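Peer 1: Listed here are the chains, written in short residue letters.
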Amino acid sequence: PNVKLVTSDNEEFVVDFRIAKMSVTVSRLMEAMNMSETDDASLLSNSIPLPNVTKAVMARVIEWCEKHKNDEPKEEKENDKRGRTTHVVSDWDKEFLKNDEFGRLCQLMGAANYLEIKGLFNDISQTIANMIHGKKSDEIAEMFNIHCDLTEAEKKEIRKKTAWCED
Amino acid sequence: MEVVVKDFDLVRLSSIDYFPLLSLPEDLLINIVESLPLADRTQVRLSCSLLERIVAKADLTLPHTYEIIIKDGLPCTSIFNDHRTMHGNYQVAAYLASRKAIAGRIFLSSVMITNLDHIDQMDHNVIDKFIDGVVFNNLLIAMGASTFDQR
Numbered sequence: 001p002n003v004k005l006v007t008s009d010n011e012e013f014v015v016d017f018r019i020a021k022m023s024v025t026v027s028r029l030m031e032a033m034n035m036s037e038t039d040d041a042s043l044l045s046n047s048i049p050l051p052n053v054t055k056a057v058m059a060r061v062i063e064w065c066e067k068h069k070n071d072e073p074k075e076e077k078e079n080d081k082r083g084r085t086t087h088v089v090s091d092w093d094k095e096f097l098k099n100d101e102f103g104r105l106c107q108l109m110g111a112a113n114y115l116e117i118k119g120l121f122n123d124i125s126q127t128i129a130n131m132i133h134g135k136k137s138d139e140i141a142e143m144f145n146i147h148c149d150l151t152e153a154e155k156k157e158i159r160k161k162t163a164w165c166e167d
Numbered sequence: 001m002e003v004v005v006k007d008f009d010l011v012r013l014s015s016i017d018y019f020p021l022l023s024l025p026e027d028l029l030i031n032i033v034e035s036l037p038l039a040d041r042t043q044v045r046l047s048c049s050l051l052e053r054i055v056a057k058a059d060l061t062l063p064h065t066y067e068i069i070i071k072d073g074l075p076c077t078s079i080f081n082d083h084r085t086m087h088g089n090y091q092v093a094a095y096l097a098s099r100k101a102i103a104g105r106i107f108l109s110s111v112m113i114t115n116l117d118h119i120d121q122m123d124h125n126v127i128d129k130f131i132d133g134v135v136f137n138n139l140l141i142a143m144g145a146s147t148f149d150q151r
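Line by line, the protein sequences are chains W and U. So in UniProt numbering, spot 49 of the first sequence is number 49, and the numbers just go up one at a time. So in UniProt numbering, spot 82 of the second sequence is number 82, and the numbers just go up one at a time.
Just so you know, the hints here were simulated from the structure itself, not pulled from any lab data. Remember, it's a predicted structure, so these values are computed and weren't measured experimentally. Some hints could be false.
[Unchecked claim] Chain W stretches covered by chain U per the calculated footprint, using a threshold of three residues with CB under 8 Å from any CB of chain U:
hint: 1; region: 43 to 50
hint: 2; region: 100 to 109
hint: 3; region: 113 to 127
hint: 4; region: 130 to 138
[Unchecked claim] Straight line, CA to CA, 20 Å or less: simulated DMTMM-like cross-link-like pairs of lysine to aspartate or glutamate:
hint: 5; chain 1: W; residue 1: Lys-156; chain 2: W; residue 2: Asp-138
hint: 6; chain 1: W; residue 1: Lys-118; chain 2: W; residue 2: Glu-72
hint: 7; chain 1: W; residue 1: Lys-55; chain 2: W; residue 2: Glu-66
hint: 8; chain 1: W; residue 1: Lys-161; chain 2: U; residue 2: Asp-27
hint: 9; chain 1: W; residue 1: Lys-136; chain 2: U; residue 2: Glu-34
hint: 10; chain 1: W; residue 1: Lys-155; chain 2: U; residue 2: Asp-40
hint: 11; chain 1: U; residue 1: Lys-57; chain 2: W; residue 2: Glu-66
hint: 12; chain 1: W; residue 1: Lys-156; chain 2: U; residue 2: Glu-34
hint: 13; chain 1: W; residue 1: Lys-161; chain 2: W; residue 2: Asp-149
hint: 14; chain 1: W; residue 1: Lys-118; chain 2: U; residue 2: Asp-27
hint: 15; chain 1: W; residue 1: Lys-155; chain 2: U; residue 2: Asp-27
hint: 16; chain 1: W; residue 1: Lys-136; chain 2: W; residue 2: Glu-154
Glycine included, every Cβ here is placed at the ideal spot set by N, Cα and C.
Model the full structure from these sequences, guided by the hints.
Peer 2: Right, here's the structure in full:
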């Protein structure tokens with residue numbers, strides 16, 4: 001069975017029921033609209049509006065979901081001993097996300113968050129974290145086009161506060 | 001009706017196209033930061049005031065395990081299982097002071113005093129100084145791999 005999803009720019013995507021269910025948001029909406037896998041009429045007569053996702057971003061989301069539709073649910077590790085959450089991005093996902101310029105990656109992250117697709121969300125979050133890893137503050141600012149508005153005194157204070165974790 | 005756009009909102013809105021990272025909602029930025037090791041977080045904090053505020057906030061919610069290792073009766077302290085030399089004492093003091101400055105209090109999941117070869121040699125005053133003002137769930141005093149005392 002197929003489900004119709006309608007984006008903010010009024011584009012209709014027809015996706016497999018399993019793919020639609022990968023989004024917690026879409027699942028909840030289908031439930032609210034009494035749409036079920038065994039009731040073709042309910043699926044045909046309804047479409048799910050997704051006002052926070054554009055056509056271009058939705059296409060990428062569906063591409064990711066197609067690849068992961070048969071995945072077993074993954075258990076995320078909580079905080080490790082250094083106080084960070086860890087998520088391993090698979091080679092396929094690395095390659096998939098490499099194709100998006102940074103602005104699109106942020107839009108995709110926003111969409112994954114709105115649609116509640118945890119795997120995609122964690123992949124993007126970890127990918128951005130990997131981009132930051134090992135970089136100095138000026139390199140981070142340059143990479144993300146950030147204007148540093150901190151004074152030298154404020155920077156000195158931050159360094160002082162965080163000296164304990166800088167070996 | 002005239003709508004006045006505040007400077008902060010104007011900067012925030014105009015940044016969306018040019019600064020995609022900063023245009024992400026705060027909870028998403030926190031999620032990214034939480035995937036970073038501590039040294040990287042410092043560099044993110046140093047990149048601009050918005051990220052400084054967000055990382056500081058994310059760090060407050062981190063559960064930390066604080067371990068004190070006793071060597072020759074003195075705490076040879078480590079944070080996050082980094083086994084350090086006595087130099088670690090200074091770092092722990094700086095760490096506690098910085099967290100106190102930000103949070104007003106420190107919450108740590110546990111304080112562990114471990115590797116006690118000779119319990120009698122433990123300098124209680126030094127230990128008290130370390131954990132004074134620290135809120136924690138457990139104080140574990142361990143000898144080798146087995147728990148010696150818990151309160």
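Peer 1: Decide, hint by hint, whether the structure agrees.
Peer 2: Evaluated hints:
Beta-carbon proximity to chain U at under 8 Å applies to 0 residues in the region 43 to 50 of chain W; the threshold of 3 is not reached and the given coverage is violated. A count of 6 residues in the region 100 to 109 of chain W with a Cβ less than 8 Å from any Cβ of chain U is obtained; the coverage claim is therefore met, three being the minimum. Restraint check on the region 113 to 127 of chain W versus chain U: 4 residues with Cβ-Cβ distances below 8 Å, three needed, restraint holds. With 7 residues having a beta carbon nearer than 8 Å to a beta carbon of chain U, the region 130 to 138 of chain W meets the requirement of three or more and the stated coverage holds.
At most 20 Å may separate the alpha-carbon atoms for a hinted pair to count; Lys-156/W and Asp-138/W meet this at roughly 15 Å. Only pairs whose Cα atoms come within 20 Å are accepted, and Lys-118/W paired with Glu-72/W is accepted, the gap being roughly 13 Å. Our distance criterion of 20 Å between C-alpha atoms is met by Lys-55/W and Glu-66/W, whose separation comes to about 16 Å. Distance hint between Lys-161/W and Asp-27/U is unfulfilled; the C-alpha atoms sit about 23 Å from each other, more than 20 Å.
For a cut-off of 20 Å, the pair hint linking Lys-136/W to Glu-34/U stands: about 18 Å separates their Cα positions. Taking the CA atoms of Lys-155/W and Asp-40/U, the gap is near 15 Å; set against the 20 Å cutoff, the hint holds. For a cut-off of 20 Å, the pair hint linking Lys-57/U to Glu-66/W is broken: about 36 Å separates their Cα positions. For the hint linking Lys-156/W to Glu-34/U, the alpha-carbon distance of about 23 Å lies beyond 20 Å, and the restraint is violated.
Distance restraint check for Lys-161/W and Asp-149/W: the Cα-Cα separation of roughly 18 Å lies within the 20 Å cut-off, and the hinted pair is therefore satisfied. For the suggested pair Lys-118/W and Asp-27/U, the alpha carbons sit about 14 Å apart, so the restraint of at most 20 Å is met. Simply put, Lys-155/W and Asp-27/U have alpha-carbon atoms about 24 Å apart, too far for the 20 Å limit, and the pair is violated. Under the criterion of a C-alpha separation no larger than 20 Å, the hint pairing Lys-136/W with Glu-154/W is consistent with the structure, at around 16 Å.
Comparing the model with each numbered hint stated earlier shows that hints 1, 8, 11, 12, 15 do not hold.
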